[in-house]
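Enquirer: Protein sequences appear in the order of chains A and B. When we follow numbering that gives the first Met the number 0, the leftmost residue of the first sequence carries the number 0, and every step to the right adds one. When we follow numbering that gives the first Met the number 0, the leftmost residue of the second sequence carries the number 0, and every step to the right adds one.
Worth flagging that the hints you see were computed from the coordinates, not collected in a lab. Each residue gets a CB set at the ideal place from its N, CA and C atoms; glycine is no exception. Misleading hints may appear alongside valid ones.
Example chain B residues on the side facing chain A (calculated, C-beta under 8 Å, incomplete) [stated by the list, open to error]:
(1) D17
(2) M23
(3) F27
(4) A30
(5) C46
(6) R48
(7) E49
(8) A51
(9) G52
(10) R55
(11) G56
(12) L62
(13) I65
(14) L125
(15) F165
Derived Cβ-Cβ restraints for the label pairs, each shown as a range [as the list claims (entries may be wrong)]:
(16) S34/A - C154/B: 43 to 49 Å
(17) D29/B - S34/A: 16 to 22 Å
(18) G20/B - E63/A: 17 to 23 Å
(19) T145/B - T94/A: 19 to 25 Å
(20) G20/B - T76/A: 21 to 27 Å
(21) Q54/A - L54/B: 37 to 43 Å
Calculated Cβ distances over 12 Å to all of chain A for the following chain B residues [claimed, not checked]:
(22) L54
(23) K98
(24) L110
(25) A120
(26) V149
(27) R169
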Amino acid sequence: MRSLPVTEPVLLILLSLAEQPRHGYSILKDVQEMSNGQVTLSTGTLYGALRRLLQDGWIERFEENRASRGRQAYRLTPAGRRNLQLEVTRLTHLTRLAGLRLARVDRCAVTLEINPNLVGVNRESEA
Amino acid sequence: MLSLYRFLLRLYPPAYRDEFGAEMLAVFGDAQAETWKKGVLARGVFCAREVAGLLRGALVEHLQGIAGSDLLTASRSRIRLSIFPLRRFTMRSEFRFPKATAPLMAIILALIVVAIEKAKAIQASLPHTNPHVGPIQPAQFTLFSTLLVVLAITCAAGLLGWAILFALRRSGLHRLSEFNPSERFGPLAGGPHGP
Numbered sequence: 000m001r002s003l004p005v006t007e008p009v010l011l012i013l014l015s016l017a018e019q020p021r022h023g024y025s026i027l028k029d030v031q032e033m034s035n036g037q038v039t040l041s042t043g044t045l046y047g048a049l050r051r052l053l054q055d056g057w058i059e060r061f062e063e064n065r066a067s068r069g070r071q072a073y074r075l076t077p078a079g080r081r082n083l084q085l086e087v088t089r090l091t092h093l094t095r096l097a098g099l100r101l102a103r104v105d106r107c108a109v110t111l112e113i114n115p116n117l118v119g120v121n122r123e124s125e126a
Numbered sequence: 000m001l002s003l004y005r006f007l008l009r010l011y012p013p014a015y016r017d018e019f020g021a022e023m024l025a026v027f028g029d030a031q032a033e034t035w036k037k038g039v040l041a042r043g044v045f046c047a048r049e050v051a052g053l054l055r056g057a058l059v060e061h062l063q064g065i066a067g068s069d070l071l072t073a074s075r076s077r078i079r080l081s082i083f084p085l086r087r088f089t090m091r092s093e094f095r096f097p098k099a100t101a102p103l104m105a106i107i108l109a110l111i112v113v114a115i116e117k118a119k120a121i122q123a124s125l126p127h128t129n130p131h132v133g134p135i136q137p138a139q140f141t142l143f144s145t146l147l148v149v150l151a152i153t154c155a156a157g158l159l160g161w162a163i164l165f166a167l168r169r170s171g172l173h174r175l176s177e178f179n180p181s182e183r184f185g186p187l188a189g190g191p192h193g194p
């Protein structure tokens, strides 16, 4: 079973399938759109990831009949959706933490700009 | 480009090719058709990305075939299990032998031969009249040479095992489990399904 956290391409593939079932080319295009062109998967990378996700039971394959030349399409399984939710929760927590840390650093910088005499206050008090 | 892609697909393991080959080719065709409308630079980037992706993918699939797990993408906590995938030690029913083992064993054999040659060269460089260098005693065996001997024995045992499995496969013994006499010769007289 694949363990969390997942890599960025895999996360994008899962997010692409979270909305609706898609076939290979549609996933490629959607990943490119979601990442604003920053991530462009090759077919080798895409199908390597799809095969592992299939193997781990995160996605399943089915045949699309209508207007798609019988192409194989992929959709999330309940386990895949659950794991994706866990990953998104983890990332949300991480983003919030990063925001808090950055805000704290910014606040300190602003304070020092207002009162430069505070530099070394902590060191003196510790001494 | 399509023929190059088809050729590179042959680098993948056959099972993978059977399952995804046609689909990958179709998706590549769609992507290529769209990219070909763009400039020369976009085409070049597209080709480089596809070739690199295929080579990397084929390597990963073969490594996974050997290691039995997702070796390259395994998280650190799983690396130990990936390197020692216990479940792969169970023999498959069709007696498959990983093709990559043959080159690996050849490399090991070559290393052993090189080590022996090196030892011979060292031995030849020493003067025979040197009183300090006598015949090699068992106590003078170093850890390295012991490991080499163990490795050689292991390789020999592996080769022997493979030869036995190969002979069994050639004999068709593994097909006996699928053999159904009533299907081949019809219902047996006096049997439960007989007249």
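Enquirer: Confirm or reject each hint.
Expert: The hints, checked one at a time:
{"no.": "1", "hint": "D17", "verdict": "violated (12 Å)"}
{"no.": "2", "hint": "M23", "verdict": "holds (5 Å)"}
{"no.": "3", "hint": "F27", "verdict": "holds (5 Å)"}
{"no.": "4", "hint": "A30", "verdict": "holds (6 Å)"}
{"no.": "5", "hint": "C46", "verdict": "violated (10 Å)"}
{"no.": "6", "hint": "R48", "verdict": "holds (5 Å)"}
{"no.": "7", "hint": "E49", "verdict": "holds (5 Å)"}
{"no.": "8", "hint": "A51", "verdict": "holds (7 Å)"}
{"no.": "9", "hint": "G52", "verdict": "holds (3 Å)"}
{"no.": "10", "hint": "R55", "verdict": "holds (6 Å)"}
{"no.": "11", "hint": "G56", "verdict": "holds (3 Å)"}
{"no.": "12", "hint": "L62", "verdict": "violated (11 Å)"}
{"no.": "13", "hint": "I65", "verdict": "violated (16 Å)"}
{"no.": "14", "hint": "L125", "verdict": "violated (54 Å)"}
{"no.": "15", "hint": "F165", "verdict": "violated (29 Å)"}
{"no.": "16", "hint": "S34/A - C154/B: 43 to 49 Å", "verdict": "holds (48 Å)"}
{"no.": "17", "hint": "D29/B - S34/A: 16 to 22 Å", "verdict": "holds (19 Å)"}
{"no.": "18", "hint": "G20/B - E63/A: 17 to 23 Å", "verdict": "holds (19 Å)"}
{"no.": "19", "hint": "T145/B - T94/A: 19 to 25 Å", "verdict": "violated (55 Å)"}
{"no.": "20", "hint": "G20/B - T76/A: 21 to 27 Å", "verdict": "holds (24 Å)"}
{"no.": "21", "hint": "Q54/A - L54/B: 37 to 43 Å", "verdict": "violated (21 Å)"}
{"no.": "22", "hint": "L54", "verdict": "violated (8 Å)"}
{"no.": "23", "hint": "K98", "verdict": "holds (19 Å)"}
{"no.": "24", "hint": "L110", "verdict": "holds (32 Å)"}
{"no.": "25", "hint": "A120", "verdict": "holds (46 Å)"}
{"no.": "26", "hint": "V149", "verdict": "holds (35 Å)"}
{"no.": "27", "hint": "R169", "verdict": "holds (32 Å)"}
Of the numbered hints stated above, those contradicted by the structure are hints 1, 5, 12, 13, 14, 15, 19, 21, 22, listed in ascending order.
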